[in-house]
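Novice: Here are the chains, one letter per residue:
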Amino acid sequence: MAEAIATREAYGKALAEFGAKYDKLVVLDADLANATKTEVFKKAFPDRHFDCGIAEANMMCVAAGLATAGFIPFASTFAMFAAGRAFEQVRNSIGYPHLNVKIGATHAGITVGEDGATHQCNEDIALMRTIPGMTIINPSDAVEARAAVEAAINHYGPVYLRFGRAAVPVINDAATYKFELGRGILMAPGSDVTIIATGIMVEIALRARELLAGEGISARVINIHTIKPLDEEMVLSAAAETGAIVTAEEATIIGGLGSAVSELLSEKRPTPVVRVGIEDVFGQSGPAKELLTVYGFTPENIAEKAKKAISMKRQ
Amino acid sequence: MEQAKIQELRRIATDIRIGIIEAVYNAGSGHPGGSLSIADVMTYLYFVEMNIDPSNPKKEDRDRFVMSKGHTSPALYSTLAHRGYFPVEYLKTFRKTGSYLQGHPDMKGTPGVDMTTGSLGQGFSVACGMALASKLKGDIFRVYTVIGDGESEEGQIWEAAMFAPHYKLDNLTVVLDYNGLQIDGRTVDVMNPTPHDEKFRAFGWNVINIDAHDFNQIESAFTAARECKGRPTAIIAKSHKGYGVSYMLDQASWHGKAPNKEQYEQALAELKAYRASI
Chain V
1 MAEAIATREA
11 YGKALAEFGA
21 KYDKLVVLDA
31 DLANATKTEV
41 FKKAFPDRHF
51 DCGIAEANMM
61 CVAAGLATAG
71 FIPFASTFAM
81 FAAGRAFEQV
91 RNSIGYPHLN
101 VKIGATHAGI
111 TVGEDGATHQ
121 CNEDIALMRT
131 IPGMTIINPS
141 DAVEARAAVE
151 AAINHYGPVY
161 LRFGRAAVPV
171 INDAATYKFE
181 LGRGILMAPG
191 SDVTIIATGI
201 MVEIALRARE
211 LLAGEGISAR
221 VINIHTIKPL
231 DEEMVLSAAA
241 ETGAIVTAEE
251 ATIIGGLGSA
261 VSELLSEKRP
271 TPVVRVGIED
281 VFGQSGPAKE
291 LLTVYGFTPE
301 NIAEKAKKAI
311 SMKRQ
Chain G
1001 MEQAKIQELR
1011 RIATDIRIGI
1021 IEAVYNAGSG
1031 HPGGSLSIAD
1041 VMTYLYFVEM
1051 NIDPSNPKKE
1061 DRDRFVMSKG
1071 HTSPALYSTL
1081 AHRGYFPVEY
1091 LKTFRKTGSY
1101 LQGHPDMKGT
1111 PGVDMTTGSL
1121 GQGFSVACGM
1131 ALASKLKGDI
1141 FRVYTVIGDG
1151 ESEEGQIWEA
1161 AMFAPHYKLD
1171 NLTVVLDYNG
1181 LQIDGRTVDV
1191 MNPTPHDEKF
1201 RAFGWNVINI
1211 DAHDFNQIES
1221 AFTAARECKG
1231 RPTAIIAKSH
1241 KGYGVSYMLD
1251 QASWHGKAPN
1261 KEQYEQALAE
1271 LKAYRASI
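As you go down the protein sequences, you meet chains V and G in turn. Counting with my numbering, you get residues 1 to 315 for the letters of the first sequence. Counting with my numbering, you get residues 1001 to 1278 for the letters of the second sequence.
Rather than coming from a laboratory, the hints here were simulated on the basis of the structure. Possibly wrong hints are sitting among the right ones.
Stated by the list, open to error - Each computed SDA-like pair below joins lysine to any residue, with the alpha-carbon atoms no more than 25 Å apart:
1) Lys1108(G) <-> Ile131(V)
2) Lys1137(G) <-> Ile5(V)
3) Lys1096(G) <-> His98(V)
4) Lys1137(G) <-> Phe45(V)
5) Lys1092(G) <-> Ser1029(G)
6) Lys1096(G) <-> Gly133(V)
7) Lys1168(G) <-> Met1191(G)
8) Lys268(V) <-> Leu230(V)
9) Lys1058(G) <-> Leu230(V)
10) Lys1092(G) <-> Met1107(G)
11) Lys1257(G) <-> His1104(G)
12) Lys1168(G) <-> Asp23(V)
13) Lys1168(G) <-> Phe45(V)
14) Lys268(V) <-> Gly133(V)
15) Lys1137(G) <-> Arg1231(G)
16) Lys1272(G) <-> Ala1004(G)
17) Lys1092(G) <-> Leu1009(G)
18) Lys313(V) <-> Gly296(V)
19) Lys1058(G) <-> Val1048(G)
20) Lys1238(G) <-> His1104(G)
21) Lys24(V) <-> Tyr1167(G)
22) Lys1135(G) <-> Lys307(V)
23) Lys1135(G) <-> Gly133(V)
24) Lys1135(G) <-> Gly296(V)
25) Lys1058(G) <-> Gly157(V)
26) Lys1199(G) <-> Lys1272(G)
27) Lys13(V) <-> Ile131(V)
28) Lys43(V) <-> Gly1138(G)
29) Lys1059(G) <-> Asn154(V)
30) Lys1272(G) <-> Asp1015(G)
31) Lys1137(G) <-> Asp51(V)
32) Lys1137(G) <-> Pro272(V)
33) Lys307(V) <-> Pro272(V)
34) Lys43(V) <-> Lys1229(G)
35) Lys1229(G) <-> Thr118(V)
Stated by the list, open to error - Okay, the calculated bits of chain V under chain G, using three or more residues with CB under 8 Å as the criterion:
36) 30-40
37) 60-70
Claimed, not checked - For the chain V half of the interface with chain G, some residues (derived, Cβ under 8 Å), not all of them:
38) Gly53
39) Pro97
40) Phe282
Cβ coordinates follow ideal geometry from the N, Cα and C atoms, glycine included.
Only chain V is shown next, with the shape it has when bound in the complex (with noise of 0.2 Å):
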């Protein structure tokens, strides 16, 4: 059994370590430090964190202010707050001048868990995708999130980093892992179906793609950690070469990476696609291995989905 690491723990230590090399690289966070894990960074770099209280909207624009006079801050709360509640604030004050922020959403997802439906942000991915020049990165693992921090630091522009709770197997290999901006990752070769996942999908992605290969199905599965802007490319080729697609995000299936690979789909390569995602409902407390599979978010699920993709084949 691999090693199970939160994306948050990841996030946070990518901070500290980063902090030390990029001197510009400044954090805030909104009473939930030890929860988001900026306490890491807080810990190295006091004199550069900076707790703005329970004000998200003020901090989303504090952030701002920081970037126009060329500092790197990375505005930290759950996704919830991040993307729901200063919605606005990063649209109109972040999103529009087109300002260096990079927002550290954590708590994404179902995976919350015990909290419950208030803060289960499954509507983060489709909120941020609606901003032009919003860059989105969801990280698969460990490895993959302490990358995309160092990435979001090298690229100018606002990036919406989305970390989990939970922790979750690290897949990717520390030693040879590397990270570009806006490229997705051939995980494993297919040729009858591609399951295109993001996040912690990526590895129950894996799982079901063992259990289609017992069927005698072959499964290709893509790792999409930059959800905007999406390696149209890549989906294109697997589209063209297996014809038929399943999505799988932590998330809900209304506007995120399922609507992304949908649309371009339907624009330039009309091809059977079959969403894994919060089936526009809200969520509930309760531990999420179990939430997990309560939602659908299972190798099985992933596996019967991909044959239903297979059989919207046309013949």
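Given the coordinates of chain V, work out where chain G should sit on it, guided by the hints.
Specialist: Here is chain G on its own, set in the frame of chain V:
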């Protein structure tokens, strides 16, 4: 302040008011009332107070200005034009397709605009971020922002009001344009945000009440703000909406509409007559 200096500032402020009327009239829409009420403060900021260089609008150590009440962009644009950031004639392109003079300020394309604003409450927080940035760089510039009294009904204003004293941002000065009117009527009737001074004082600010149309009071307030250490300053500037144009004076109805041709000509005639009398 010497009388000659006051006269000079009054002439500039009147030119800025004429620019406001030109911009809004030519656009056929816009916000003249709150632009006219803040014109004297804008004049003092850009012609006396701020460390700026129109030939180098991105200079790192320049003082920053954020028009948090972004709908009064005509006041900002006319001030910038008269200070030499772009031609005064360009004010006539305000709100027109292809112009950088957007309905609400856009920092990406407009020389001298330090922050994009328009959605109320946000600019004040951005100004806090700028002031914090200056502190991190060794206190190399000051930050000024103008908020509206109607704008102070936004909850985010009070998030920022908490933040600035907490981080001892004594390089930040907020001017509250206290004209007492908002779109739906008198602020005290719509949603009473007063008393502004007591609220800011309770949040830990250095608070100064002034007459927004008196250059002596404006000067002493900004001087006191610069001298105040350890906390930010809020200048509550009691103003008159529509100041300088008789039929717009203290009228909520002139918050967000353009004059017709006859009204435009009357406004210009009044402002030019006043200018000649200074």
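Novice: If a hint holds in the structure, say so; if it doesn't, say that too.
Specialist: Against the structure, the hints:
A hinted pair counts as satisfied when its Cα atoms are at most 25 Å apart, and Lys1108(G) with Ile131(V) qualifies at roughly 16 Å. With a C-alpha separation of about 36 Å, the suggested pairing of Lys1137(G) with Ile5(V) is violated against the 25 Å cut-off. Between Lys1096(G) and His98(V) the alpha-carbon distance is near 22 Å, which keeps this suggested pair within the 25 Å criterion. At roughly 16 Å between alpha-carbon atoms, Lys1137(G) and Phe45(V) fall within 25 Å of each other, so this suggested pair holds.
Restraint check: the Cα-Cα separation between Lys1092(G) and Ser1029(G) comes to about 12 Å, which is no more than 25 Å; the hinted pair holds. Restraint check: the Cα-Cα separation between Lys1096(G) and Gly133(V) comes to about 24 Å, which is no more than 25 Å; the hinted pair holds. With a C-alpha separation of about 30 Å, the suggested pair Lys1168(G) and Met1191(G) falls outside the 25 Å cut-off, and the hint is violated. A hinted pair counts as satisfied when its Cα atoms are at most 25 Å apart, and Lys268(V) with Leu230(V) qualifies at roughly 14 Å.
At roughly 34 Å between alpha-carbon atoms, Lys1058(G) and Leu230(V) are farther apart than 25 Å, so this suggested pair is violated. With a CA separation close to 19 Å, the supplied pair Lys1092(G) and Met1107(G) stays within the 25 Å bound. Annotation: proposed proximity of Lys1257(G) to His1104(G) holds, straight-line Cα distance about 15 Å (limit 25 Å). For a cut-off of 25 Å, the pair hint linking Lys1168(G) to Asp23(V) stands: about 22 Å separates their Cα positions.
Between Lys1168(G) and Phe45(V), the direct Cα distance comes to roughly 19 Å. Compliance with the 25 Å bound is thereby established for this hinted pair. Of the supplied pair hints, the one linking Lys268(V) and Gly133(V) holds, its CA atoms being roughly 22 Å apart against a limit of 25 Å. Distance check on the hinted pair: Lys1137(G) and Arg1231(G) sit about 18 Å apart at the alpha-carbon level, within 25 Å; holds. Only pairs whose Cα atoms come within 25 Å are accepted, and Lys1272(G) paired with Ala1004(G) is accepted, the gap being roughly 19 Å.
About 23 Å separates the Cα atoms of Lys1092(G) and Leu1009(G), which keeps this hinted pair within 25 Å; it holds. For the suggested pair Lys313(V) and Gly296(V), the alpha carbons sit about 23 Å apart, so the restraint of at most 25 Å is met. Note on Lys1058(G) and Val1048(G): the hinted pairing holds, with a Cα-Cα distance of about 19 Å set against a maximum of 25 Å. Restraint check for Lys1238(G) and His1104(G): the C-alpha separation of about 24 Å stays at or below 25 Å, so the hint holds.
Our distance criterion of 25 Å between C-alpha atoms is met by Lys24(V) and Tyr1167(G), whose separation comes to about 19 Å. With a C-alpha separation of about 59 Å, the suggested pairing of Lys1135(G) with Lys307(V) is violated against the 25 Å cut-off. For the proposed pair Lys1135(G) and Gly133(V), the alpha carbon gap of about 29 Å is over 25 Å, so the pair is violated. Taking the CA atoms of Lys1135(G) and Gly296(V), the gap is about 50 Å. The hint is violated against a cut of 25 Å.
Annotation: proposed proximity of Lys1058(G) to Gly157(V) holds, straight-line Cα distance about 18 Å (limit 25 Å). In summary, the hint linking Lys1199(G) to Lys1272(G) is not supported, as the alpha carbons are separated by about 39 Å, beyond the 25 Å threshold. Taken as a hint, the Lys13(V) and Ile131(V) pair is broken in the structure, with Cα atoms around 28 Å apart against an allowance of 25 Å. The hinted pair formed by Lys43(V) and Gly1138(G) meets the criterion: a straight-line CA distance of about 22 Å does not exceed 25 Å.
Annotation: proposed proximity of Lys1059(G) to Asn154(V) holds, straight-line Cα distance about 23 Å (limit 25 Å). A hinted pair counts as satisfied when its Cα atoms are at most 25 Å apart, and Lys1272(G) with Asp1015(G) qualifies at roughly 8 Å. Restraint check: the Cα-Cα separation between Lys1137(G) and Asp51(V) comes to about 19 Å, which is no more than 25 Å; the hinted pair holds. Distance check on the hinted pair: Lys1137(G) and Pro272(V) sit about 55 Å apart at the alpha-carbon level, beyond 25 Å; violated.
With a C-alpha separation of about 11 Å, the suggested pair Lys307(V) and Pro272(V) falls inside the 25 Å cut-off, and the hint holds. At roughly 28 Å between alpha-carbon atoms, Lys43(V) and Lys1229(G) are farther apart than 25 Å, so this suggested pair is violated. Between Lys1229(G) and Thr118(V) the alpha-carbon distance is near 42 Å, which puts this suggested pair outside the 25 Å criterion. Here the segment 30-40 of chain V counts 0 residues with a CB under 8 Å from a CB of chain G, which misses the bar of 3, and the coverage is violated.
Counting residues of the segment 60-70 of chain V whose CB lies closer than 8 Å to any CB of chain G gives 11, so the stated coverage by that chain holds, three being the minimum. Satisfaction of the interface hint for Gly53(V) is found here, the shortest Cβ-Cβ separation to chain G being roughly 7 Å, below the 8 Å cut-off. For Pro97(V), the shortest C-beta to C-beta distance to chain G is roughly 4 Å, which falls under 8 Å, so the interface hint holds. Interface restraint check for Phe282(V): the shortest CB-CB distance to chain G comes to about 25 Å, outside 8 Å, so the restraint is violated.
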